[in-house]
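Trainee: Protein chains in written order, with the numbering used here: chain A, 1 to 218; chain B, 1 to 380; chain C, 1 to 448.
Because the hints were derived from the structure by calculation, they are not lab data.
There's no promise every hint is true.
[To be verified] With the Cβ distance kept under 8 Å, some of the chain B side facing chain A (calculated, not the full set):
1) L100
2) E104
3) T205
4) I313
5) R342
6) I347
[Unchecked claim] Derived lysine-lysine pairs resembling BS3-like cross-links, with alpha carbons at most 25 Å apart:
7) A/K140 to A/K181
8) B/K301 to A/K80
9) A/K181 to B/K354
10) C/K42 to C/K305
11) B/K154 to B/K191
12) B/K64 to B/K99
13) A/K196 to B/K64
14) C/K42 to C/K70
15) A/K103 to B/K42
16) A/K181 to B/K154
Note that CB positions come from ideal geometry on N, CA and C, so glycine has one too.
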Amino acid sequence: MADESKPSQEPESTQAEPKGASPAPAPKSAPTPAAPPAPKPGAPSPKAPAPLQIPLDNDLVRRYRARFGAAILDALEDRKQHYLVVDSAQLPEIARYSREDEKFDLLEDYTAVDWPRRDKRFDLIAILYSFPNNIRLRLKIPIAANEHPSSLVDIWPTSDWLEREIFDMFGIEFAGHPGLKRILLPDGWQGHPLQKDYDILQQDTAWVRENLGIDSGQ
Amino acid sequence: MADTVDQDATHSNDTLLGADELILNMGPQHPSTHGVLRVKLKLDGERVRGAECVIGYLHRGVEKIAENRTYQQFAPYVDRMDYVAAISNGLGYCEAVEKLLNVEAPIRAKVIRTILTELQRIASHLVWLGTHALDIGALTPLFYCFREREEILKIFEKYCGARLTTHAFRIGGLQYEAYDDFEKDVERFCKDFERRIQEYVDLLTGNSIWIGRTRNVGVLNAADCIALGATGPILRAAGVKWDLRKAQPYAAYDRYQFEIPTGTNGDTYDRYMVRMEEMRQSRLICLQAIENIPEGPIFGKVGKVIKPAPGEIYHSIEAPKGILGYYVVSDGTVQPYRVRIRPPSFINLQALDKMIRGHLVADVVAVIGTLDIVLGEVDR
Amino acid sequence: MSPATQAVLHFLQTWWVELVSGVVIVAVVPLIAGYVVLVERKLMADMQARLGPMRVGPHGLLQPIADAVKLLIKEDIVPQDADSFIFWFAPVISMVAALTSMGALYFGPDFRVAQDINIGILFVIGVSSLGFLGIILGGWASNSHYSIIGAIRSTAQLVSYETAGGLAIICALLLSGTLRIHAIVDAQSDHHVWFIFLAPVAFFTYLVASIAETNRAPFDLPEAESELVAGYMTEYSGFRWALYFLGEYANMIVVASVATTLFLGGWLRPFPNVHWLNWLDLLPALFIALVGIYCIYRAGKQPVKIQVWFMWAVAFACFAVALIFLVPWIFASLKFAILGLNGAFWFLLKVSAYIYVFMWLRFTLPRYRFDQLMHLGWYILIPLAIVNVFSVGVALLLEAEFGWNRWLALIVTTAFTLAIALFLVRSHDKRVAAASSASAATSDSYAG
Numbered sequence: 001m002a003d004e005s006k007p008s009q010e011p012e013s014t015q016a017e018p019k020g021a022s023p024a025p026a027p028k029s030a031p032t033p034a035a036p037p038a039p040k041p042g043a044p045s046p047k048a049p050a051p052l053q054i055p056l057d058n059d060l061v062r063r064y065r066a067r068f069g070a071a072i073l074d075a076l077e078d079r080k081q082h083y084l085v086v087d088s089a090q091l092p093e094i095a096r097y098s099r100e101d102e103k104f105d106l107l108e109d110y111t112a113v114d115w116p117r118r119d120k121r122f123d124l125i126a127i128l129y130s131f132p133n134n135i136r137l138r139l140k141i142p143i144a145a146n147e148h149p150s151s152l153v154d155i156w157p158t159s160d161w162l163e164r165e166i167f168d169m170f171g172i173e174f175a176g177h178p179g180l181k182r183i184l185l186p187d188g189w190q191g192h193p194l195q196k197d198y199d200i201l202q203q204d205t206a207w208v209r210e211n212l213g214i215d216s217g218q
Numbered sequence: 001m002a003d004t005v006d007q008d009a010t011h012s013n014d015t016l017l018g019a020d021e022l023i024l025n026m027g028p029q030h031p032s033t034h035g036v037l038r039v040k041l042k043l044d045g046e047r048v049r050g051a052e053c054v055i056g057y058l059h060r061g062v063e064k065i066a067e068n069r070t071y072q073q074f075a076p077y078v079d080r081m082d083y084v085a086a087i088s089n090g091l092g093y094c095e096a097v098e099k100l101l102n103v104e105a106p107i108r109a110k111v112i113r114t115i116l117t118e119l120q121r122i123a124s125h126l127v128w129l130g131t132h133a134l135d136i137g138a139l140t141p142l143f144y145c146f147r148e149r150e151e152i153l154k155i156f157e158k159y160c161g162a163r164l165t166t167h168a169f170r171i172g173g174l175q176y177e178a179y180d181d182f183e184k185d186v187e188r189f190c191k192d193f194e195r196r197i198q199e200y201v202d203l204l205t206g207n208s209i210w211i212g213r214t215r216n217v218g219v220l221n222a223a224d225c226i227a228l229g230a231t232g233p234i235l236r237a238a239g240v241k242w243d244l245r246k247a248q249p250y251a252a253y254d255r256y257q258f259e260i261p262t263g264t265n266g267d268t269y270d271r272y273m274v275r276m277e278e279m280r281q282s283r284l285i286c287l288q289a290i291e292n293i294p295e296g297p298i299f300g301k302v303g304k305v306i307k308p309a310p311g312e313i314y315h316s317i318e319a320p321k322g323i324l325g326y327y328v329v330s331d332g333t334v335q336p337y338r339v340r341i342r343p344p345s346f347i348n349l350q351a352l353d354k355m356i357r358g359h360l361v362a363d364v365v366a367v368i369g370t371l372d373i374v375l376g377e378v379d380r
Numbered sequence: 001m002s003p004a005t006q007a008v009l010h011f012l013q014t015w016w017v018e019l020v021s022g023v024v025i026v027a028v029v030p031l032i033a034g035y036v037v038l039v040e041r042k043l044m045a046d047m048q049a050r051l052g053p054m055r056v057g058p059h060g061l062l063q064p065i066a067d068a069v070k071l072l073i074k075e076d077i078v079p080q081d082a083d084s085f086i087f088w089f090a091p092v093i094s095m096v097a098a099l100t101s102m103g104a105l106y107f108g109p110d111f112r113v114a115q116d117i118n119i120g121i122l123f124v125i126g127v128s129s130l131g132f133l134g135i136i137l138g139g140w141a142s143n144s145h146y147s148i149i150g151a152i153r154s155t156a157q158l159v160s161y162e163t164a165g166g167l168a169i170i171c172a173l174l175l176s177g178t179l180r181i182h183a184i185v186d187a188q189s190d191h192h193v194w195f196i197f198l199a200p201v202a203f204f205t206y207l208v209a210s211i212a213e214t215n216r217a218p219f220d221l222p223e224a225e226s227e228l229v230a231g232y233m234t235e236y237s238g239f240r241w242a243l244y245f246l247g248e249y250a251n252m253i254v255v256a257s258v259a260t261t262l263f264l265g266g267w268l269r270p271f272p273n274v275h276w277l278n279w280l281d282l283l284p285a286l287f288i289a290l291v292g293i294y295c296i297y298r299a300g301k302q303p304v305k306i307q308v309w310f311m312w313a314v315a316f317a318c319f320a321v322a323l324i325f326l327v328p329w330i331f332a333s334l335k336f337a338i339l340g341l342n343g344a345f346w347f348l349l350k351v352s353a354y355i356y357v358f359m360w361l362r363f364t365l366p367r368y369r370f371d372q373l374m375h376l377g378w379y380i381l382i383p384l385a386i387v388n389v390f391s392v393g394v395a396l397l398l399e400a401e402f403g404w405n406r407w408l409a410l411i412v413t414t415a416f417t418l419a420i421a422l423f424l425v426r427s428h429d430k431r432v433a434a435a436s437s438a439s440a441a442t443s444d445s446y447a448g
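Let the hints inform the model, and build the full structure from the sequences given.
Mentor: Structure (structure tokens):
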């Protein structure tokens with residue numbers, strides 16, 4: 001199951017190649033926090049420290065795995081925070097199970113991250129908190145670019161606006177959302193800004209020219 | 001009976017007389033929406049059938065900017081989100097990146113951070129109280145609140161040079177040492193503040209007009225709060241005795257004793273009482289903290305170049321408005337790969353529709369005021 | 001001389017006092033109203049730990065002039081589809097109603113426009129209520145959704161509280177037995193007591209009703225800026241708005257004068273008939289002289305030269321006025337003026353105190369919501385006022401027919417009225433609490 005380690009590995013490997021500055025002796029190498037600037041090629045590479053993402057296997061993970069089996073793609077611990085990588089096909093069931101059985105009654109945050117070079121381009125991140133147990137859990141759901149994950153509005157009503165923002169910023173459409181339209185940007189805006197190929201200086205010049213009457217000059 | 005909330009309103013689409021619904025627009029420019037917020041109210045006569053918020057007028061693309069700045073360069077940007085409580089924003093961000101780096105700020109820095117954050121909480125609640133009272137018609141508390149807030153802002157100015165968008169904290173600790181009279185100033189403020197809170201209480205708490213305008217207005221019970229993600233004083237007023245400072249302490253909060261005020265009904269009056277009591281508790285925390293600020297360094301082991309190991313972190317704090325969370329993804333470079341800010345005002349504002357149904361038009365300003373939103377945070 | 005000219009001259013000879021007084025009222029009252037606004041702003045600032053207008057003129061004293069000039073030179077905007085005649089006429093009605101009602105009032109035993117109309121109080125109340133026409137026509141003529149809603153709300157509020165206020169006035173009229181203004185104050189003099197002590201509940205009912213009638217806080221929902229439905233004055237700018245605004249303050253003066261006349265003893269000094277307190281007659285002059293002395297004391301503390309001179313000028317003005325008050329004491333031939341001057345002073349003092357209470361309430365209390373306002377008026381104030389009328393009547397009956405002591409009768413009946421008031425307030429609170437706690441289950445047929 002090579003896919004398991006992909007999500008945690010992708011960051012360094014995709015960024016290391018174009019930059020070429022940091023050494024890449026092993027795919028899982030990670031420079032220490034106060035690392036000196038990247039050594040010149042040919043200098044001895046620093047000893048590869050232990051990766052910060054370690055596999056997780058506690059009661060919670062076991063329960064999830066028992067219930068959903070292969071849908072739980074991975075369970076990791078990063079800097080003492082736990083997260084599960086789950087399959088988007090089973091997202092509603094996992095969400096319902098989390099809320100009802102595992103008592104994660106608060107959807108603290110719901111967002112996405114764009115990894116343009118991966119097959120599954122986006123990572124949906126749901127941060128769950130349980131008031132009764134005072135624990136937090138992150139769910140990472142890799143989805144493809146034109147995939148339409150199910151909306152979680154029936155399970156956590158707070159995801160109404162959160163999913164609208166994800167749609168606005170990333171272009172991910174949620175199936176079953178009661179009113180999926182842009183929330184922070186104007187309705188006619190073209191483009192989804194938080195995608196990595198939307199340059200920071202780029203604007204929807206057409207919208208600006210039409211609605212504000214000026215040339216955006218970017 | 002005009003004082004009741006019309007619960008039927010939430011279920012039916014037809015109006016009583018079969019007339020069309022009126023859409024009333026509280027436009028982006030309005031004295032009481034506390035910023036550029038547009039609310040489209042569906043009215044049936046005087047009753048509100050639903051409220052749709054149109055936001056984004058203050059969207060500045062902060063999360064996109066974060067991907068193009070170094071970690072330290074991004075720190076001033078977070079102040080500008082909830083600009084009324086800039087120090088809280090800074091605390092959340094600095095602690096999040098410190099977690100990402102696996103370092104901790106030294107204890108002296110944590111204690112000073114705590115004191116400043118609690119002062120900022122008081123300042124934020126004072127702004128809330130003044131503007132909320134002004135919307136409901138009490139003209140005077142605004143000036144009294146701002147008079148107290150002025151003292152806090154003077155302390156901030158002496159500490160870091162800025163009053164509003166302070167950038168007071170650094171990743172790893174503090175840049176500035178507490179100035180010479182810091183403890184004296186804070187103590188003087190706290191000693192004076194108890195009397196001032198009593199002034200606000202005298203003006204508002206027992207006032208039957210105030211009670212009439214805020215009791216049973218904008219009720220949000222605990223289950224709805226949690227379902228809608230509304231946190232902070234809104235959640236506590238609904239009866240849930242939960243505060244992130246106690247549940248998962250950060251900074252130096254585990255060193256101090258304080259109570260968590262709660263309400264019973266989850267109405268506007270309860271939120272008012274909860275925030276008033278929170279101001280008192282913040283004052284107590286400050287007094288406890290200044291008695292013993294530990295000596296030591298103020299900056300932890302963080303180099304000039306911040307390049308966290310690839311990975312991600314989520315860190316949240318109890319900001320004055322609710323849970324403020326930072327989800328930071330690092331790819332090993334000096335610039336974060338993704339910074340997501342969980343904005344309490346944005347998520348609390350979602351609850352407006354549920355809270356305002358069945359009330360009268362005159363209650364809309366009271367409910368918006370009680371949510372304590374800052375549009376900078378809603379829109380980022 | 002032609003008969004026409006003769007007729008005109010005869011008219012002028014007979015009515016010149018009234019004509020001059022009328023002109024004075026129309027010219028002076030707006031100016032006074034402007035300064036009442038300045039006083040309000042300064043008081044508000046003082047209660048809010050700040051200074052208020054300070055720039056225009058010394059301590060902001062020329063602020064009303066500056067405001068008037070600004071309003072006069074402002075662009076006169078008339079909404080596109082507004083009915084232009086009514087748009088022009090409505091504020092005029094408001095102002096005229098307030099000023100005309102002043103025509104029947106006595107501002108002292110001798111200062112008046114109309115000479116003791118036999119329906120005095122009724123005229124004043126009736127004409128001042130005509131101001132509601134100005135409101136509703138203004139709201140309608142603005143051709144704006146929200147103006148008309150604000151105007152209707154304002155009118156509904158006015159009408160409801162007018163009823164309660166009128167009933168409270170009736171209590172005082174029962175005690176005085178006449179509608180003539182001069183005679184009402186004379187009756188208070190005869191009874192050796194101000195009517196507020198004989199009918200206190202009526203006074204407080206009238207106080208609350210008059211606040212609502214003049215659209216002052218806490219009953220100022222129709223004019224509040226933070227309200228969605230902006231008031232009837234929205235589309236008015238410049239001088240038209242100034243007319244509304246001045247009409248409102250003139251109304252305040254009228255209402256305060258009515259309350260002073262009926263309940264606070266008009267131009268009578270405290271303890272009017274007690275001979276050993278006759279030295280109180282010197283109080284007006286003394287008071288003004290003290291103000292002058294205070295100005296001299298403050299003059300030394302002014303930072304800027306011109307402010308020092310200003311304080312001295314004010315002090316001299318005060319001493320001059322005090323001298324005018326003292327002159328009749330000195331020259332026996334002018335003794336008749338004592339009562340007039342002193343009376344005017346006491347009247348003005350009481351009116352000022354009443355208006356001060358208005359302002360004080362505005363700065364302190366939040367605003368009632370419209371339905372709560374109407375509840376207060378119809379469920380508490382009007383029943384209370386009705387009961388009060390009956391109780392005062394019963395007290396007078398007891399005195400007249402059964403020979404009770406007037407004071408005893410009135411105390412007994414006032415106690416009864418207060419009990420009714422408590423009962424009304426309690427039942428209102430219970431009704432509100434029950435309604436809101438049952439709100440989850442009940443269905444409401446309130447149609448807004």
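Trainee: State the violated hints by number, sorted upward, taking the hints as numbered earlier in the document.
Mentor: 2, 3, 15, 16
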